[in-house]
Structure formats: C-alpha cells, structure tokens
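Please take these sequences and the hints and turn them into a complete structure.
For the sequence shown, my numbering begins at 746 and goes up steadily by one.
Certain hints may be false.
[What the hints assert, rightly or not] Computed cross-link-like contacts, BS3-like style, restricted to lysine-lysine with a CA-CA straight-line distance of at most 30 Å:
| # | residue 1 | residue 2 |
| --- | --- | --- |
| 1 | Lys868 | Lys823 |
| 2 | Lys867 | Lys763 |
| 3 | Lys1308 | Lys1463 |
| 4 | Lys1463 | Lys1330 |
| 5 | Lys1459 | Lys1326 |
| 6 | Lys1326 | Lys1308 |
| 7 | Lys1467 | Lys1308 |
| 8 | Lys1424 | Lys1436 |
| 9 | Lys1308 | Lys1459 |
| 10 | Lys867 | Lys823 |
In case anyone wonders, no lab produced these hints; they're calculated from the structure.
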Amino acid sequence: MNAAVRATVRVGLYTGAKVYFVHEGYQGLVDGGENICPATWESVSMMLQLGGTVIGSARCKDFRTREGRMKAACNLVKLGITNLCVIGGDGSLTGANQFRTEWSGLLDDLVRAGKITEEGAKKSSHLNIVGMVGSIDNDFCGTDMTIGTDSALHRIIEVVDAIATTAQSHQRTFILEVMGRHCGYLALVTALACGADWVFIPEMPPDDGWENHLCRRLTDQRTRGSRLNVIIVAEGAMSRDGTLITSDQIKKLVTDSLGFDTRTTVLGHVQRGGTPSAFDRILGSRMGVEAVMALLEATPDTPACVVSLSGNQAVRLPLMECVQVVRQNIFFTNTSDFTYVSFENNWNTYKLLAHINPPDVKSNINVAIMNIGAPCAGMNAAVRAAVRMGIIQGHSMLAVHDGFDGLAHGQVEPITWTSVSGWTGKGGSALGTKRTLPAKLLEEISHNIAKFNIHALVIIGGFEAYVGALELVQAREKYEEMCIPMVVIPATVSNNVPGSDFSIGADTALNTITSTCDRIKQSAAGTKRRVFIVETMGGYCGYLATMAGLAAGADAAYIFEEKFNIKDLQVNVEHLVEKMKTTVKRGLILRNENCNANYTTDLIFNLYSEEGKGVFDCRKNVLGHMQQGGTPTPFDRNFATKMGAKSVLWLTDKLRECYRHGRIFANSQDSACLLGMRKRALTFQPLNELKEDTDFEHRIPKTQWWLKIRPIMKILAKYDIKLDTSEHTDMEHVIQKRRP
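Shown next as structure tokens:
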C-alpha cells in the first residue's frame, strides 16, 4: 500500500495538483481536522520497504451513515478536494462509490444546513473517484493480482520452507492454515508452490468420503519414502454440505486414523505484515501513477473506476461492475463458479501434479529434460512439473545432466516421480547446467538422441537455451535424429529471452537486489549525505536494473537499451546535489553490468565522488552471483510449475501429430517452439519466427515491454521529464466467465 501512496503523492505533485493525506481511512475523512493534511515529496520518502500503510487504516461505522458521509463531504469541500483515491478491498471501494453517487445530495444538505456556502458547493460540484485494490486474498474481479497478495505469499512460503525442514527431521505431518475466507487463492498457490499433499479451498469442496481419500494419499506418500506430509487449509474451507473444515478437525482425523505425529500452524496476521515484495512495490507504484492519470482525465460522466493489472498492462475497470461480480462469486462459492481463468488453471495443474496417477497403458515415448546456461531459482520447479506431467501422460522421462555437454557425452538417465519430490523450493539447478552450445557437438548429440531413443526435448534455460535450440533446428537438414519436437522454457535472471515478457528466476533475482538495496538505503539514511552505486547482473538487458530501481526507489538506473552520455551523468550528479539540500540526504544509483563499455562502475563511482566533494560521499557495491542463488520466490515456483506442465502437454499433442509410419518425424517450423508469457497468456511461438525480434550480438529481444515504465522511476525520483501517455488506457469492462 505504501508504494501506491508514494506514487500517488509524487505523481500528483508532478502534475501540479495539491495532494492531501487522509489518515485513518474513512474515519479520518469523517473526523477531519489534522487527519487531512497536505502531503509533500519528502513525506513519502523511505516508505517503500515498509509493510502496512503509514497513513493508517480503520474500519469506520460513521461513514456507513448518511450523517457521517455529510461530515466527510463537508471536510473535503472546505479544503477544495474533488478527487479521491481509495486503496482498499471491495467494502472500501463500495463505500467510495456510494459517497460519489450521493455527492450532489450531500452538498445540497450541507448548503441548507449552512455548513458550506453555495459558492463552495459550486466549486466542488463533482467528486471523482478512483480505486486501487489492496487485499492479500486476491479476491477482486478484473485484476490478475491485488496489492499485497504477492507479499502474503512470500510470508507463507517462508513459513512452509521452515516447517518442511523440521517436519522432515521428525517425520511429521503439518497442517498449515492460511487466510482466505471466501477466496482460496493463497492456499491454492501455496499448495502449488510447495507441492503440498492436499489443499482445502472454499471454491472446491472435496468429494464426499474425502477423509478416506486423504488418509490413503498420506499413507501412499509415506510408503514411497516421503518423510513429511503438508496439508494447506484456507480458513473458509468447507465440505459439500456447507460445514466448515477446520485444521483441528483434519489433525484429529490424521492422528486417530493413521497415528502420524501431526502439528497444526495457523499463520493468521503474519501474512499481512512484513516487507513488501518487489512485485508488490512495482505493482503499487504503477497503479498509483495510473490512478492519478485516471483522476485527471475523469469527467462528470466517467463512472468511478478501479485501476488494475492485466498481464503486464495497467487497465481501468468500472468499480461497481467489479464489486458486483466479486459479491456474486462469494454467493456462488459452492457452485465451483470460477471467474478467474488463471485460478482454474492453477487448480487443474495442482490436481495433476499433487499425486501420482499414471495411465494403465504406457506411451512408449521418451522425453528428455535439460538445463542450459547460468543457473537460476525456479529451474528445479520447472523440471519437477515437466517430469510429473510426462509420467501422467504415460511417457518415460529422462534427465540430461550438464546441458548439451551432458547430452553429447551420454550423461542421460531415467528420472522418476519421487526423485523430483521437494524440488519446487530448491534453488539452482539439480540437473547441472553449462553454457556450452551444441554447434560443435552435433555428431555426438545426434548419436545419443538415437542411442537413448529420445522422442522429444524440454530445454530449460536462458539465451543459450534459445540459441542452442535454434542450432538443433538448423541441424535437422543434416541429422534426421534432430527431427523431434522440442520446447524451450525461458529461465534466466536476466529476463533477456525473446518471446516472453518474464523468465523463470528473474523475480527471485529482483527480490534479492531489492532487499539488498533496502539495507544499503538504511545505511545511507543513518550516515546521511551518502550515495551508493550498485551494479546489477543482466548482461546487456536492463530489466533487473530498471525494475529494482523502481522497487527500491533509486535515483537513476543506467542500462544498455537507453543510451547515456557525460551530460546525462552531469544531470544526475546535479540532481543529487540538490537532493542533499532537502531532508532526504541519500542517493541510490543502479548500473547494469554491460550498460556501457567505457562508463564502468568504477568510472561512475570516481566521477560521482569527485563531483560530489563536500556535498556527499560515495560507496559502491557489485552484487555479483548472489543474484543467481537463493530459494525461488512464490511467483517463480508457480510460474515454473505451470510452464513445465504446459510444455509437456504441448509436446504430447505435437508427438501425436508427428507420428507417421511407426516413427516420430518433426521438421515443421512449429515443432520447435518457445513457451513464453505474452501479456496474460502462455503461448508457444516457433523459434525461427523469434529470430526477427532478436539482437543476437547483445543477446536481448529488440522489443521489451518494461522500457515503457522507465519514465515512472524518473518521475518518482523527481526528474522533470515528460510522462509518455501515448498508450492511453481506456475503460474496459468485466468479462465474466461462467460455467453452464
């Protein structure tokens, strides 16, 4: 929420508006006085890394009455406030819409009561409202993610990882209760991200007789060698007859029926607190900018809107349409009536991967999986999902160790369902990975494809995986063994693979950089008058530097894609000199490792040190390989799981198409694809078609969506630049998916 508050204040001031804080939510609006006070640029400094909301929030009974809303209107009119930005859940947003609907009537009453003048009423004749959804449950219609959901998942996964180690040591069953009275999103994504044995959510009550089924599954897991069981329960989980299913009830069942040592953990308000994730900070910042734009463009005829996220695009939706759909869905909870397609996809993927259920007939297909390029968090989750989905399809799965090197040297072995247990939370690459490209090893690779009878290939990795797969496709003319379906899954911290807006591993690296920058800023805040220069990874791709700059509140981020010269460096130094005259006496500069061959980190450090003499001093940090390590974030686990599962389903369909005269033969363009996230859909794109959008020299795509949000970082750092609003966001409508 604080990222959204900060962005709203700073962009509001940037546009020339007067911006006010309303402390303590609607209660502050009703009480007025010191609760409504002017906001300044400095007053929102150092709040990005804080959880909760620094301006306070409170449930307000007074605002539910017309008398309370009259007081609120009176306070706003006296200050000349006619634009209201509300960050909250469906209750807060419904209240805002009602306030707007009654506005003219409230002003008439206030004039009659002599509380405001007719002139004052005329000046404030219309109230514009824009909403941003802040809810950890992700239970609002029309947006992919609400502010706070990703951070809540971070808290839950931290606990699950910690519990898993103790559960494994003692061979225990753990039941974890998470929030979600009407929406099971947190429980479902947690189950998917940690490979839980069972999940209870309100939207999908278990079948009758679930008790026996659960016990059978837990016993089966133990007989397969698992030392722990994890069960995730949403607080609103219920059975088909509408009675609640509680964690205590499940504990009693497992203890009495199986005699397993069982523990229950109720997370409660831990999920609401803590440091916000990088994703939430960027989301809040982007929503704040869009909210101000929506208010400035609003007319008396524009309906109150909510700004939200669709894929990586900011969108505006009519507020009441969204609220009505949310309320309908709460009412229809027991009818499995999913509004979110992604929710249904998560559910189906979880059901398939949670428990082994192979078909009776084997497919006689061998699918090989390999990791290529530098390691990153999430690779193992993708391998696990691909392996398990392959086994479910009846295929034999093969693990290739050490990338194309391993394939050339015959480092291939079968990989089973249980051998990938617990892989979702493991960082790095368990299969081993190398940057070697296949061009010089084609003879050996084709020999081993034939030797191990490999019918399809899953290649998980970064730019090398993409280029290596292209080399295999080109080799099809000479080597018939290469005529098999293959799919590339982008996995790299650099997020530089063409054909996908996001790569597995980039979110984990981004959170690592952001948390490090938080600590650096804290140090700078203590010593005062200090500027830190931080070098990030990414090759020639400036994604990490840009997004970390936005998430950590950097003053500048130097990247290869946006050329800069000595004059730009001079402007940045002068900007920091001016900044040191304010109460915010610190600076943070990010530099992508390959942004410029001559303006190195050392040169920029020396330049800033020299030019800032007597005003500020400098320190530099090169973050290095810590960006490639660590346990994957919830986003990377979930993303990798869905990518791995989807890739094998696609290969299975492709294998059927390519099966002719008793053998597999695939040499069409669309038999070698890259699976990427485009806006809000996972799509397969032929590798050869992506060549046009690739800068092979610098190993980056020619078009990159995130470049359009770079100006936001500069505006939030108080640079006087023009905000590009050419991509105008029009009001959209909620399209509800209903089951018959």
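Identify every previously stated hint that the structure contradicts and give their numbers, smallest first.
Hints that this structure does not satisfy do not exist here, as all of them hold.
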